[in-house]
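Assemble the complex: chain A is given as a structure, and chain B must be docked to it using the hints.
Chains A and B, in that order, give the protein sequences. Numbering of the first sequence is given in the UniProt record's numbering, commencing with residue 1 and proceeding in unit increments. Numbering of the second sequence is given in the UniProt record's numbering, commencing with residue 1 and proceeding in unit increments.
Just so you know, the hints here were simulated from the structure itself, not pulled from any lab data. Check before you lean on any hint, since a few could be wrong.
Which copy is meant is left open, so a pair is good if it fits within one copy or across any two.
[As the list claims (entries may be wrong)] In silico SDA-like links for lysine to any residue, alpha-carbon gap of 25 Å or less:
hint	residue 1	residue 2
1	Lys114	Thr102
2	Lys91	Pro106
3	Lys276	Ser149
4	Lys55	Ser230
5	Lys250	Ile113
6	Lys208	Val45
7	Lys43	Glu129
8	Lys132	Phe42
9	Lys206	Ser87
10	Lys208	Asn152
11	Lys231	Gly196
12	Lys132	Gly147
13	Lys250	Pro277
14	Lys151	Thr169
15	Lys206	Leu107
16	Lys55	Pro277
17	Lys93	Leu69
Number of protein chains: 2
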Amino acid sequence: MSDHHAPALPIANRTVFFVSDGTGITAEAFGHSVITQFDLKFKQVRLPFIDDIEKAEDAVRRINEAFELTGNRPIVFSTLVKPDLASVIFKSKGLHMDLIQTFVAPLEEELGIKSTHTVGRSHNIADTEEYKNRIEAINFSLAHDDGQSNKNLSLADVILVGVSRSGKTPTTLYLAMQYGIKAANYPLIPDDFERGKLPSALPEFKGKIFGLSIAPERLSEIRNERRPGSKYASLENCRYEVNEAEAMMKREGIRWLSSTAKSIEEIATTILQEVKPDSRL
Amino acid sequence: MSDHHAPALPIANRTVFFVSDGTGITAEAFGHSVITQFDLKFKQVRLPFIDDIEKAEDAVRRINEAFELTGNRPIVFSTLVKPDLASVIFKSKGLHMDLIQTFVAPLEEELGIKSTHTVGRSHNIADTEEYKNRIEAINFSLAHDDGQSNKNLSLADVILVGVSRSGKTPTTLYLAMQYGIKAANYPLIPDDFERGKLPSALPEFKGKIFGLSIAPERLSEIRNERRPGSKYASLENCRYEVNEAEAMMKREGIRWLSSTAKSIEEIATTILQEVKPDSRL
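Extracted from the complex, chain A is given alone in its bound form:
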């Protein structure tokens, strides 16, 4: 989790392509997790919306050009569902990593039925309930950012608490955007620590509260970018707030994690496991 001081990787004179009939987001995310297993830096090119023969032939030209330019076979991760488009891409001079064909064939055998070769179904979320849920959840999270509103907190799936700048806002937006989860967030501030109590709107919702904490050193760094030299950003004050917030969460029996060394995705996944707001989706 902490190779941010890792030396720069040697550059491979080789291009990696992510070819998709949709956005290519899945092909890229997956291909990226494969190539990061090698200590080499690759030039990476996403080719989305390859959904007819002409575009596929154009993609082949680009792959072959990269071969001629570098003298090395490009690596091609593709998620083309339609066999006729996939077979055009197979003619390129790249090394083919076809995600769909590799796994669909054994599944057809296991399930005893044929696949439908339907493009982009997993992304077909416009006009559906799921799409509406996401937009609604984003609006909810924006309206309930930073304790702005106590209205409709009962409708929240999750309520994040933590000191200012502990990562609450990006996490609530991610939960809304990716999972359609209505996530409110509520800051814990010095007033709350002096009173020694959770903000008064919260106790009745304890079952869906989740806390974020953060290392005081990191918090001070982040706050100093916004308000350099302020008391708010001082290490001393950050230590005080973090200690108080953690003590309060322990006292109140609130589950929490430290966001310091975690990505937004990791924080969101942990919250999903702990609070299980998706169990009713």
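For chain B alone, kept in the frame of chain A given last:
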């Protein structure tokens, strides 16, 4: 793009597992795009953070339980980088779709080097420049939502324009969250149409403006959820605003797309292709 009236799929008495040493987001996204090739509805279970032998053995127990419960082999998509963890999972009674091993081996041969078997490197973004960029971009997008601020528009990578409720906010947040792109958004309102001009803050940034339009019928539906029966939401007014906005974008030479039948991901990918704000990332 329009099977939202598709009949409910028959339910397969079979569980699909997504097993990962990280969040499992990639395994799930990819596995989902494979299983949606079959006209069956599966029970789906994500098992994230499987990063030691004990957790792997626990995952095996859950997979085997699903086998006993259903009488059908579960399907297991896994992205376990460490061979010792992967080999524990392989002992389960599931049908194994190992994304890493399947593609890493041929790549090792092609590249002539061994993979590093390093866990979660592609998600290792905490503490890095990339992570900071994303958080900064989210803050920028929030501060520049709905034309709230003209300050620092010169720092924006993209400025989205369009009528109210055309999908600008979710798109800017997605661009920020996924790509660290600073995206502002600016509404086009009846005042602008009467003046026949873009909002005065915008013309100097025309190179990075991108427009969203939407079918008037859909817009009216969306607006009616917020303000039922209002003039704002009426089909007549929505037709007027959409026509005027599209005419203005054509006149001003602004690239645009219709968000009506598109997912947030598809809109964002198209913007990346057109405006190329990531070329300097």
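Hint-by-hint comparison with the structure:
1. Lys114 with Thr102: both (14 Å within a copy, 22 Å between copies)
2. Lys91 with Pro106: Both: 23 Å inside a copy, 18 Å across copies.
3. Lys276 with Ser149: Within one copy only: 23 Å inside a chain, 37 Å across chains, cut-off 25 Å.
4. Lys55 with Ser230: Answer is neither: 55 Å inside a copy and 45 Å across each miss the 25 Å cutoff.
5. Lys250 with Ile113: neither (52 Å within a copy, 48 Å between copies)
6. Lys208 with Val45: So Lys208 and Val45 pass the 25 Å test across copies only (21 Å; inside, 41 Å).
7. Lys43 with Glu129: between (38 Å within a copy, 19 Å between copies)
8. Lys132 with Phe42: between (38 Å within a copy, 23 Å between copies)
9. Lys206 with Ser87: For Lys206 and Ser87, the Cα distance exceeds 25 Å both inside one copy (55 Å) and across copies (41 Å).
10. Lys208 with Asn152: within (14 Å within a copy, 37 Å between copies)
11. Lys231 with Gly196: This pair counts as within: shortest intra-copy Cα distance 21 Å, inter-copy 49 Å.
12. Lys132 with Gly147: both (24 Å within a copy, 24 Å between copies)
13. Lys250 with Pro277: Within one copy, since 21 Å is at most 25 Å while 44 Å is not.
14. Lys151 with Thr169: Both ways: Lys151 and Thr169 sit 18 Å apart in one copy and 22 Å across, limit 25 Å.
15. Lys206 with Leu107: Answer is neither: 44 Å inside a copy and 49 Å across each miss the 25 Å cutoff.
16. Lys55 with Pro277: Answer is between: at 23 Å across copies they meet the 25 Å cutoff, but 41 Å inside does not.
17. Lys93 with Leu69: within (12 Å within a copy, 47 Å between copies)
Consistency with the previously given hints fails for numbers 4, 5, 9, 15, ordered from lowest to highest.
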